[in-house]
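As they're listed, the protein sequences go chains A and B. So for the first sequence, my numbering puts the first residue at 1; every next one is plus one. So for the second sequence, my numbering puts the first residue at 1; every next one is plus one.
Hints may be right or wrong, so weigh each one.
Note: identical chains are not told apart, hence a pair may lie in one copy or across any two.
Said to hold, decoys possible - Capping the alpha-carbon separation at 20 Å, the derived lysine to any residue pairs in SDA-like fashion look like this:
no.	residue 1	residue 2
1	Lys198	Glu171
2	Lys62	Glu119
3	Lys2	Gly175
4	Lys84	Pro125
5	Lys2	Asp65
6	Lys62	Arg118
7	Lys143	Glu98
8	Lys101	Ala144
9	Lys84	Glu119
10	Lys101	Gln122
11	Lys104	Thr158
12	Lys101	Arg118
13	Lys101	Ser117
14	Lys84	Ser126
15	Lys84	Ala124
16	Lys84	Ala127
These aren't lab readings, by the way, just hints derived from the structure by calculation.
Each chain, letter by letter, is given below.
Number of protein chains: 2
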Amino acid sequence: MKILVVGANGQIGKHLVGLIQDSENHTARAMIRKQEQASYFEQLGAETAVVDLEEGIEDIAKAADGVNAIVFTAGSGPHTGKDKTILIDLDGAVKTIEAAKLAKVKRFIMVSSFDTSREAIQAAPSAFAPYVAAKHYADEWLKATDLDYTIIHPGALTNEDGTGQVEVATEVERGEVPREDVAAVIFGSLDNNTTIGKEFQVVSGTSPLNEAVKSI
Amino acid sequence: MKILVVGANGQIGKHLVGLIQDSENHTARAMIRKQEQASYFEQLGAETAVVDLEEGIEDIAKAADGVNAIVFTAGSGPHTGKDKTILIDLDGAVKTIEAAKLAKVKRFIMVSSFDTSREAIQAAPSAFAPYVAAKHYADEWLKATDLDYTIIHPGALTNEDGTGQVEVATEVERGEVPREDVAAVIFGSLDNNTTIGKEFQVVSGTSPLNEAVKSI
Numbered sequence: 001m002k003i004l005v006v007g008a009n010g011q012i013g014k015h016l017v018g019l020i021q022d023s024e025n026h027t028a029r030a031m032i033r034k035q036e037q038a039s040y041f042e043q044l045g046a047e048t049a050v051v052d053l054e055e056g057i058e059d060i061a062k063a064a065d066g067v068n069a070i071v072f073t074a075g076s077g078p079h080t081g082k083d084k085t086i087l088i089d090l091d092g093a094v095k096t097i098e099a100a101k102l103a104k105v106k107r108f109i110m111v112s113s114f115d116t117s118r119e120a121i122q123a124a125p126s127a128f129a130p131y132v133a134a135k136h137y138a139d140e141w142l143k144a145t146d147l148d149y150t151i152i153h154p155g156a157l158t159n160e161d162g163t164g165q166v167e168v169a170t171e172v173e174r175g176e177v178p179r180e181d182v183a184a185v186i187f188g189s190l191d192n193n194t195t196i197g198k199e200f201q202v203v204s205g206t207s208p209l210n211e212a213v214k215s216i
Numbered sequence: 001m002k003i004l005v006v007g008a009n010g011q012i013g014k015h016l017v018g019l020i021q022d023s024e025n026h027t028a029r030a031m032i033r034k035q036e037q038a039s040y041f042e043q044l045g046a047e048t049a050v051v052d053l054e055e056g057i058e059d060i061a062k063a064a065d066g067v068n069a070i071v072f073t074a075g076s077g078p079h080t081g082k083d084k085t086i087l088i089d090l091d092g093a094v095k096t097i098e099a100a101k102l103a104k105v106k107r108f109i110m111v112s113s114f115d116t117s118r119e120a121i122q123a124a125p126s127a128f129a130p131y132v133a134a135k136h137y138a139d140e141w142l143k144a145t146d147l148d149y150t151i152i153h154p155g156a157l158t159n160e161d162g163t164g165q166v167e168v169a170t171e172v173e174r175g176e177v178p179r180e181d182v183a184a185v186i187f188g189s190l191d192n193n194t195t196i197g198k199e200f201q202v203v204s205g206t207s208p209l210n211e212a213v214k215s216i
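Looking at chain A on its own, in the form it has when it is part of the complex (with noise of 0.2 Å):
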């Protein structure tokens, strides 16, 4: 499978980027907003493709172009300000659901946020609210699409090692979860179509990654 991973150059996507790379069957295509960008990715021996989220549908699409499924972990971050919140985390997104149509590339992964629910919008602290919302309807938009989509809502995500153990569930106890395993967990994903159609959350835990994806 050739895979575009869009936000490739997020903490998340360089270890998916690695994973897909070190794979024997899987090929990675890295969506970068910079040139610059490239060289970590070319060493890998992936592709590249550089677009800005902020782009129309159609130069997304034209990255999209021959792969066999998108992985969306493109994020402006909590903390960015709430303009790129909108045109990133939301707008970038649904581009992004729009370009794999239009691509004709139906399986699509989301990274979403731990909790996108109407009531965790309501509950958010109003700094955080914003970004809650954003990921909310970029999910609600693609589970109103016919693609093969699997939407996985991390816990709080830390820079530890991976363990390879989590907790896999629609909904588990809130908890921290390194981006290493959640890497990892969008890899599993791939590789198994059980996920089609489903959204889970994931924290830190004590199943082996490989079984807790395949029992989702």
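Assemble chain B onto chain A, guided by the hints.
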């Protein structure tokens, strides 16, 4: 008809409540954010409901209890913090739409922005793009419902006195329009069921306002 005006304390909202209260067949309920805004509307003989659009769907639905139509003319405006753009212009609008369903109010009039198309988001100056995107998603949400909606896309709003002369069509040339005339177009749409399921732009022009609305 009893009409819930969401965003009543805005300039268009105040004009609209005035028109409704001056009419023979309609009465207004002004939804406002703060109790101290109530006296203005009470002096016009209108009911009031104090609800902040950052509250939940149920709170808005309570304000809509027993009304026959809802007008959404709240807006953080293009110059507020971008957190409010997503929480009010997008999420506040969507919650009001969901509240309409919950309160079984079929008629819904949305005051949108002049052009909320995908192309308009892409073409907007970066400071304005988040606002256009927020209005885009709110409009899309409304169009996907089975509410009896009308979406009004006014040109550049001014505080000039209304002239009662407008141009109204799916697409008109970009131009200005007094807020007072926009309020009159909303009022006219409430009385004209031919506007149901339609969206149109409005700028100052040469057609008498009521005839223009009837021609939609």
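Cross-check of the supplied hints:
Taking CA atoms no more than 20 Å apart as the test, Lys198 paired with Glu171 passes inside one copy only; the shortest distance there is 12 Å, against 41 Å between copies. For the homomeric pair Lys62 and Glu119, the shortest alpha-carbon distance between copies (18 Å) is at most 20 Å, but the shortest distance inside one copy (37 Å) is not. Proximity of Lys2 to Gly175 under the C-alpha cut-off of 20 Å is found in neither arrangement, the shortest distances being 32 Å within a copy and 48 Å between copies. In this assembly of identical chains, the alpha carbons of Lys84 and Pro125 lie at most 20 Å apart whether taken from the same copy (18 Å) or from different copies (13 Å).
In this homomeric assembly, Lys2 and Asp65 come within 20 Å of each other (Cα to Cα) only inside a single copy, at 10 Å, whereas the closest approach across copies is 53 Å. Within a single copy, Lys62 and Arg118 get their C-alpha atoms only as close as 34 Å, which misses the 20 Å cut-off; across copies the closest is 18 Å, which meets it. In this assembly of identical chains, the alpha carbons of Lys143 and Glu98 lie at most 20 Å apart whether taken from the same copy (12 Å) or from different copies (18 Å). Taking the shortest Cα distances, Lys101 and Ala144 sit within 20 Å of each other both inside one copy (13 Å) and across copies (19 Å).
In this assembly of identical chains, Lys84 and Glu119 lie within 20 Å of each other by CA distance solely across copies; the values are 18 Å between and 23 Å within a copy. Taking identical chains as interchangeable, the C-alpha atoms of Lys101 and Gln122 lie at most 20 Å apart only when they sit on different chains, with a minimum of 19 Å there against 32 Å within one chain. Taking CA atoms no more than 20 Å apart as the test, Lys104 paired with Thr158 passes in neither setting, with 34 Å inside one copy and 45 Å between copies. Taking identical chains as interchangeable, the C-alpha atoms of Lys101 and Arg118 lie at most 20 Å apart only when they sit on different chains, with a minimum of 16 Å there against 26 Å within one chain.
Taking the closest pair of Cα atoms, Lys101 and Ser117 come within 20 Å of each other only across two copies (19 Å); inside a single copy the shortest separation is 25 Å, beyond that limit. For the identical chains of this complex, Lys84 and Ser126 are neighbours both inside a copy (16 Å) and across copies (10 Å), given an alpha-carbon limit of 20 Å. With identical chains, the CA atoms of Lys84 and Ala124 are at most 20 Å apart both within one copy (19 Å) and between copies (14 Å). Taking the closest pair of Cα atoms, Lys84 and Ala127 come within 20 Å of each other both inside a single copy (14 Å) and across two copies (10 Å).
Taken one by one, the earlier hints fail for this structure at numbers 3, 11, listed in ascending order.
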